[in-house]
Amino acid sequence: SQPVLGELRASQVTPDSVQLEWSVPEGTFDSFTVQYRDAQGQPQVLPVDGGSRTVTVPGLSPSRRYKFNLYGVWGRKRLGPVSTDAVTEMDGGLDGRMEGSMGDYGLQCVFSVATAAKPEEEPLSQPVLGELRASQVTPDSVQLEWSVPEGTFDSFTVQYRDAQGQPQVLPVDGGSRTVTVPGLSPSRRYKFNLYGVWGRKRLGPVSTDAVTASGPEEEEPPSKPILGELRASQVTPNSVQLEWSVPEGTFDSFMVQYRDAQGHPESLLVDGDSHTVTVP
Numbered sequence: 001s002q003p004v005l006g007e008l009r010a011s012q013v014t015p016d017s018v019q020l021e022w023s024v025p026e027g028t029f030d031s032f033t034v035q036y037r038d039a040q041g042q043p044q045v046l047p048v049d050g051g052s053r054t055v056t057v058p059g060l061s062p063s064r065r066y067k068f069n070l071y072g073v074w075g076r077k078r079l080g081p082v083s084t085d086a087v088t089e090m091d092g093g094l095d096g097r098m099e100g101s102m103g104d105y106g107l108q109c110v111f112s113v114a115t116a117a118k119p120e121e122e123p124l125s126q127p128v129l130g131e132l133r134a135s136q137v138t139p140d141s142v143q144l145e146w147s148v149p150e151g152t153f154d155s156f157t158v159q160y161r162d163a164q165g166q167p168q169v170l171p172v173d174g175g176s177r178t179v180t181v182p183g184l185s186p187s188r189r190y191k192f193n194l195y196g197v198w199g200r201k202r203l204g205p206v207s208t209d210a211v212t213a214s215g216p217e218e219e220e221p222p223s224k225p226i227l228g229e230l231r232a233s234q235v236t237p238n239s240v241q242l243e244w245s246v247p248e249g250t251f252d253s254f255m256v257q258y259r260d261a262q263g264h265p266e267s268l269l270v271d272g273d274s275h276t277v278t279v280p
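According to full-length UniProt numbering, the sequence shown holds residues 1 to 280 in order.
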């Protein structure tokens, strides 16, 4: 029976992420996808495996309302969505300092300490994304590799379009330099864009194209075998030896059919490697 998606809710909210939870009251799904729009209004897609009932959506902006749509994938059907809204928290930096102060004088002291300390911070150099390449290709996946010649990133995102032309986003942690993109279609060209997330900046993309390998169903079928001439090579009063050729291909087995002296049909099974048999 067709599975059913339950309620979707935001269970935990921070300034830059929202944790979503959902239920499946009936049946099981192969996978899920969470769709939403980022702070720039761009559509984002987060794939989730079918066994999960929670996911954290990263890379959000503080104090912003987001609408999340959850779809369940069951075979070739996409069921849903179920939806929920969530507002990310305010950035805790200055707000947290103000909350603990009492009165105008205390607030002025907090400001002066904050502004005095800021120039002493060592500015971080902006990291650099290196080349992106496809290192391994199968009929339904592509493994991507990249380098970071300078600096470090907080995280990465891989963006591409699936076989139906729908945008997909794959989040990757900042320590990784490789990721496998699953769920692709055989013999199809994909363009992959890699972005590096550094603080609130998204740097890139660097891009590469890859063509997935052909699937098993697309392999060249074996050529149809051909039976050659059949002849009686040796005859005795109570037997006949038959011989035949196979000019092309191979057979699994052969069957010789004939009628005996009483007119009854007889069959003789011969294995596929043999090209001769004696009918007794």
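Don't take every hint at face value.
As the list claims (entries may be wrong) - Capping the alpha-carbon separation at 27 Å, the derived lysine-lysine pairs in DSS-like fashion look like this:
#	residue 1	residue 2
1	K201	K191
2	K77	K201
3	K224	K67
4	K67	K77
The hints are simulated quantities; they were obtained by calculation from the structure and are not laboratory data.
Verification of the supplied hints:
1. K201 / K191: holds (23 Å)
2. K77 / K201: violated (36 Å)
3. K224 / K67: With a Cα-Cα distance of about 57 Å, the restraint between K224 and K67 is violated, given a limit of 27 Å.
4. K67 / K77: holds (23 Å)
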